[in-house]
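Q: Input sequences plus hints: build the corresponding full structure.
Number of protein chains: 4
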Amino acid sequence: MASTGHDVDADALVKSSDPTHPANLICSLCRQFYGLGWVTGTGGGVSIKHDKHIFLAPSGVEKELMQPDNIFVMDYASREYIRRPLALKPSACTPLFLAAFTTRGAGCCIHTHSQWAVLVTLLCEAGMQGRKDVFKISQIEQIKGISRGGTGSTEIAEGGRKLGNLGYFDTMRIPIIENTAHEEDLKESLEKAMVEWPETCAVLVRRHGVYVWGKDVTQAKTQAESLDYLFQLAVEMHKLGLKWT
Amino acid sequence: MASTGHDVDADALVKSSDPTHPANLICSLCRQFYGLGWVTGTGGGVSIKHDKHIFLAPSGVEKELMQPDNIFVMDYASREYIRRPLALKPSACTPLFLAAFTTRGAGCCIHTHSQWAVLVTLLCEAGMQGRKDVFKISQIEQIKGISRGGTGSTEIAEGGRKLGNLGYFDTMRIPIIENTAHEEDLKESLEKAMVEWPETCAVLVRRHGVYVWGKDVTQAKTQAESLDYLFQLAVEMHKLGLKWT
Amino acid sequence: MASTGHDVDADALVKSSDPTHPANLICSLCRQFYGLGWVTGTGGGVSIKHDKHIFLAPSGVEKELMQPDNIFVMDYASREYIRRPLALKPSACTPLFLAAFTTRGAGCCIHTHSQWAVLVTLLCEAGMQGRKDVFKISQIEQIKGISRGGTGSTEIAEGGRKLGNLGYFDTMRIPIIENTAHEEDLKESLEKAMVEWPETCAVLVRRHGVYVWGKDVTQAKTQAESLDYLFQLAVEMHKLGLKWT
Amino acid sequence: MASTGHDVDADALVKSSDPTHPANLICSLCRQFYGLGWVTGTGGGVSIKHDKHIFLAPSGVEKELMQPDNIFVMDYASREYIRRPLALKPSACTPLFLAAFTTRGAGCCIHTHSQWAVLVTLLCEAGMQGRKDVFKISQIEQIKGISRGGTGSTEIAEGGRKLGNLGYFDTMRIPIIENTAHEEDLKESLEKAMVEWPETCAVLVRRHGVYVWGKDVTQAKTQAESLDYLFQLAVEMHKLGLKWT
Numbered sequence: 001m002a003s004t005g006h007d008v009d010a011d012a013l014v015k016s017s018d019p020t021h022p023a024n025l026i027c028s029l030c031r032q033f034y035g036l037g038w039v040t041g042t043g044g045g046v047s048i049k050h051d052k053h054i055f056l057a058p059s060g061v062e063k064e065l066m067q068p069d070n071i072f073v074m075d076y077a078s079r080e081y082i083r084r085p086l087a088l089k090p091s092a093c094t095p096l097f098l099a100a101f102t103t104r105g106a107g108c109c110i111h112t113h114s115q116w117a118v119l120v121t122l123l124c125e126a127g128m129q130g131r132k133d134v135f136k137i138s139q140i141e142q143i144k145g146i147s148r149g150g151t152g153s154t155e156i157a158e159g160g161r162k163l164g165n166l167g168y169f170d171t172m173r174i175p176i177i178e179n180t181a182h183e184e185d186l187k188e189s190l191e192k193a194m195v196e197w198p199e200t201c202a203v204l205v206r207r208h209g210v211y212v213w214g215k216d217v218t219q220a221k222t223q224a225e226s227l228d229y230l231f232q233l234a235v236e237m238h239k240l241g242l243k244w245t
Numbered sequence: 001m002a003s004t005g006h007d008v009d010a011d012a013l014v015k016s017s018d019p020t021h022p023a024n025l026i027c028s029l030c031r032q033f034y035g036l037g038w039v040t041g042t043g044g045g046v047s048i049k050h051d052k053h054i055f056l057a058p059s060g061v062e063k064e065l066m067q068p069d070n071i072f073v074m075d076y077a078s079r080e081y082i083r084r085p086l087a088l089k090p091s092a093c094t095p096l097f098l099a100a101f102t103t104r105g106a107g108c109c110i111h112t113h114s115q116w117a118v119l120v121t122l123l124c125e126a127g128m129q130g131r132k133d134v135f136k137i138s139q140i141e142q143i144k145g146i147s148r149g150g151t152g153s154t155e156i157a158e159g160g161r162k163l164g165n166l167g168y169f170d171t172m173r174i175p176i177i178e179n180t181a182h183e184e185d186l187k188e189s190l191e192k193a194m195v196e197w198p199e200t201c202a203v204l205v206r207r208h209g210v211y212v213w214g215k216d217v218t219q220a221k222t223q224a225e226s227l228d229y230l231f232q233l234a235v236e237m238h239k240l241g242l243k244w245t
Numbered sequence: 001m002a003s004t005g006h007d008v009d010a011d012a013l014v015k016s017s018d019p020t021h022p023a024n025l026i027c028s029l030c031r032q033f034y035g036l037g038w039v040t041g042t043g044g045g046v047s048i049k050h051d052k053h054i055f056l057a058p059s060g061v062e063k064e065l066m067q068p069d070n071i072f073v074m075d076y077a078s079r080e081y082i083r084r085p086l087a088l089k090p091s092a093c094t095p096l097f098l099a100a101f102t103t104r105g106a107g108c109c110i111h112t113h114s115q116w117a118v119l120v121t122l123l124c125e126a127g128m129q130g131r132k133d134v135f136k137i138s139q140i141e142q143i144k145g146i147s148r149g150g151t152g153s154t155e156i157a158e159g160g161r162k163l164g165n166l167g168y169f170d171t172m173r174i175p176i177i178e179n180t181a182h183e184e185d186l187k188e189s190l191e192k193a194m195v196e197w198p199e200t201c202a203v204l205v206r207r208h209g210v211y212v213w214g215k216d217v218t219q220a221k222t223q224a225e226s227l228d229y230l231f232q233l234a235v236e237m238h239k240l241g242l243k244w245t
Numbered sequence: 001m002a003s004t005g006h007d008v009d010a011d012a013l014v015k016s017s018d019p020t021h022p023a024n025l026i027c028s029l030c031r032q033f034y035g036l037g038w039v040t041g042t043g044g045g046v047s048i049k050h051d052k053h054i055f056l057a058p059s060g061v062e063k064e065l066m067q068p069d070n071i072f073v074m075d076y077a078s079r080e081y082i083r084r085p086l087a088l089k090p091s092a093c094t095p096l097f098l099a100a101f102t103t104r105g106a107g108c109c110i111h112t113h114s115q116w117a118v119l120v121t122l123l124c125e126a127g128m129q130g131r132k133d134v135f136k137i138s139q140i141e142q143i144k145g146i147s148r149g150g151t152g153s154t155e156i157a158e159g160g161r162k163l164g165n166l167g168y169f170d171t172m173r174i175p176i177i178e179n180t181a182h183e184e185d186l187k188e189s190l191e192k193a194m195v196e197w198p199e200t201c202a203v204l205v206r207r208h209g210v211y212v213w214g215k216d217v218t219q220a221k222t223q224a225e226s227l228d229y230l231f232q233l234a235v236e237m238h239k240l241g242l243k244w245t
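Residue numbers (my numbering), protein chains in the order written: chain A, 1 to 245; chain B, 1 to 245; chain C, 1 to 245; chain D, 1 to 245.
Put simply, identical chains are the same to the list, so a pair is met inside one copy or across any two.
Derived SDA-like pairs: lysine to any residue, alpha-carbon spacing no greater than 20 Å straight-line: (1) Lys187 - Ala157; (2) Lys136 - Pro198; (3) Lys15 - Arg84; (4) Lys243 - Gln129; (5) Lys192 - Ala181; (6) Lys187 - Gly159; (7) Lys132 - Gly241; (8) Lys187 - Tyr168; (9) Lys239 - Met128; (10) Lys187 - Glu158; (11) Lys239 - Glu125; (12) Lys243 - Met128; (13) Lys239 - Ala126; (14) Lys239 - Gln129; (15) Lys52 - Thr20; (16) Lys136 - Lys192; (17) Lys243 - Ala126; (18) Lys52 - Asn24; (19) Lys187 - Gly167.
To be clear, the hints were calculated from the coordinates, so they are not data collected in a lab.
A: Here it is, written out as structure tokens:
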């Protein structure tokens, strides 16, 4: 509901009647994610890299009410904002989204506060399902919705096999990093996890949520869905006394 | 969001202003199933047999965004695609949908990744509620929403009794087959289960989901709903220390 | 999706542009209840008494797709249908809805298959929270949403107190009757429970669901909501090791 | 669905085509809260202070159906109603909303019957997670969505830090007061809790729900969301054997 002010040229960057324009997509994704409980209370966020520009949701805006007019645009090469709504502030997630773009070649990065993600990190922390610093699950069909490295090939073979994705008998491993007092301070450990876990499409943040990326919006979003499905299933499995691997 | 290309005659097969046309129905059902959590992350699918044609959702498309233009059409007699969107690939579920049409005389088959279905197969696998290879539940009213064999009579007697359906004191039995690395490889065991369990309207796939069929869309969909209700109830009953039969 | 046929005069009974007309209200309530998981797979139903007529949802129709054209109308005095869609059959719930109208002076009766209702009857059956034949809960604020007898005064005092409703320190008691093979056979035990429990606004049916009534649609619906809230809370309380009374 | 009657001048107070007008906002918030399960069965409520006026949802109206015409308007200085729909009664929450406006300088107060809030008060009552009279949780990222005192600064620093809010390593403490037979009788203990817990943005009411406030609608609503997230997470943590602090 914040009012915004900025120069006219920059506005053209976020004004489009095309629903697949990044500024429109961020708004529709945020509405959808609000319905899924991923971005409650202004938490979470989305960023899209498009050509030479990074489109970013602002800090502190109700996600289900976000408008294209609220979107920040950064020049990727110079890291300078070429559009910033005057009344708003950039999201603290910005350096983390940039990490996915630079370190992993992502085109979209999604950050959710999904409770299933948080609960999975708590169960790992308590040592209840194996190692504390990585979530592992295997032999669940939905694992096949996850590409190797997050930005892997989306090629589908004639029979429907997704060639760049994990297989049913693979173990999906998502590293967990420790939370920090300030979100931007996650940058170093997030980048370290991205380097150390080249096959992961996401990094879990303990007691906080998850960062998921993909080479484009569709890949990032469908992976975020598949991951959240697996986190929820894992929590329910734990309640029922079942092991994840 | 994939672009599609194909010859013009075939397009007429999926273009209709009638919401009950199979190509439109598949899209509206996929949107509804997405809301139910059944087809997360491009998982799951729907197929409808109409006259001499099979209408099929493609592989890898976000189900809530599916458009009639994305639908594959197969000639039932020759098993050849008479319409295929150029940029898309057929679903790996195709041979499994065909099994329901040929082996059970179905007119619609629905495949979901519902977590309740997966959890039920996990509880059976762990031997926590009886046999490992079949889900059984009895004396729950919703069982009466399931027809014998899945494609049984939908006749309703004057007082409201569904004549072709299971009764309250019947035990509903849904066989569970083991998952395979590749979905199409489920065909043999799925067909075997269809033959060995003539009364079932569905086959559960361990750690994967469920295939449900009906003689038409309404019967398949309402049975999918009743089954999912029963799977969810069974999981909650297990949490509360209650037996399914 | 069933086609319907009937004479023209009777159609006027269900055709109205007023959204509060009983035939329209039944359809909008059914859509709403479908979203709440109360009428999955054609289960459940709603009936409204208006002047000398009873409006009834049919058997076997998908509740979220119901149209005014699908509605049965019965003459209350003669118990004869004065409008019946040719392709449809009356609901097996009809004698049970009539019981609420005649025995309790209700103007609306709602039947749901809510899983929370079913789970509460299962927990009672197992003797886990007291008596087997009655659900009891006390000292939960939402109890104040329940009127004494279901059709009690809806008068609200100046300060907001609902004069005809249960108080916070009252114990809400909802009787549980045993399910039967055929829904219409519940009539006798349902009427018996209505007589024996004059303060109840509802009757639970073991392993089946609940019948809730009110003097009008608003009272019946808001009581159905408050009850379902209490059933869900009771199940969650049980999971957490907490007693209901 | 109640009919309303009142004099014409007062109607201008609630008639506006601006969706951010308080009378319109209360209605849209109530619809949204109904979808979240916060205001089931006419429970819960919202009040907004705007200039010299208090806008209040009435007692006993279905929240998802509320219309601007149903809204009460009180003159803040004199505490007299300057608009009251004739057929409706003021909410019993009114003195409690006023407490937030006077004691805490709030501009909006939200009251929910969220089951997560109720369950948290029950777990505290049972002594299962520490003290009985206060809900405490720490080191969960969503805590950062809560302002100190509820009406703290909403200033956001350049990097995205919310300067007036709790930090990740802070412990969030929400006092719990005991419920009373009549809602208006909560006034004294609610005001006492507001005085004794200057850092809290909310007061939990045992076996009843929660009152949350903010300096404006956005702050109150996003805090209500963040709190509900934390209540739900706390209940799930308890089920999994995890401690809140």
